[in-house]
Amino acid sequence: MDEDQQRSTVEELIETHFKFEVKAVLLELTRQVDQEKTLLAFSVSQLGAEGNLRSFDLSVTAYLRRVTLDYCDVPDGRNQPLHLISSSQQQGSDLLKVEYIRADQSGPSFQTQFNNTEQTLKVGWADE
Numbered sequence: 001m002d003e004d005q006q007r008s009t010v011e012e013l014i015e016t017h018f019k020f021e022v023k024a025v026l027l028e029l030t031r032q033v034d035q036e037k038t039l040l041a042f043s044v045s046q047l048g049a050e051g052n053l054r055s056f057d058l059s060v061t062a063y064l065r066r067v068t069l070d071y072c073d074v075p076d077g078r079n080q081p082l083h084l085i086s087s088s089q090q091q092g093s094d095l096l097k098v099e100y101i102r103a104d105q106s107g108p109s110f111q112t113q114f115n116n117t118e119q120t121l122k123v124g125w126a127d128e
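Sequential numbering of the sequence shown, starting at 1, is according to my numbering.
Here are the simulated EDC-like pairs of lysine to aspartate or glutamate, each with C-alpha atoms no more than 16 angstroms apart in a straight line: (1) K37 to D73; (2) K19 to E99; (3) K122 to D94; (4) K122 to E99; (5) K97 to E21; (6) K97 to E50; (7) K37 to D70; (8) K19 to E50; (9) K23 to E50; (10) K122 to E50; (11) K23 to D94.
Hints in this document: simulated from the structure, not taken from any laboratory.
What you are looking at is a predicted structure, and each value in this text was computed from that prediction instead of being measured.
Let the hints inform the model, and build the full structure from the sequences given.
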């Protein structure tokens, strides 16, 4: 194996890989008169990130899949909240996706794979 092949192999090795996801966070604004009653409920679901650190580059993708905001003090007698904000429930679709890539100029594929670009930031919104 020549020196270029060895360097290319080292470049492809993942030094660190991470992935995490927060399944759900719920914040409630309540009022207490006789008993505690929820006025607003804000929910964020499936907020996460995944990334790879290699010898000459770093890539991280963060995403948010679902957001809801419900007004719960509706005087209609049915106890059904009014959905002020409700994002898609389609499985696996991202409401917001942010991709960040950082490449080292001294890396062997800086010119080819990364197009001589040290940092790239892409932000995508759902098309709903």
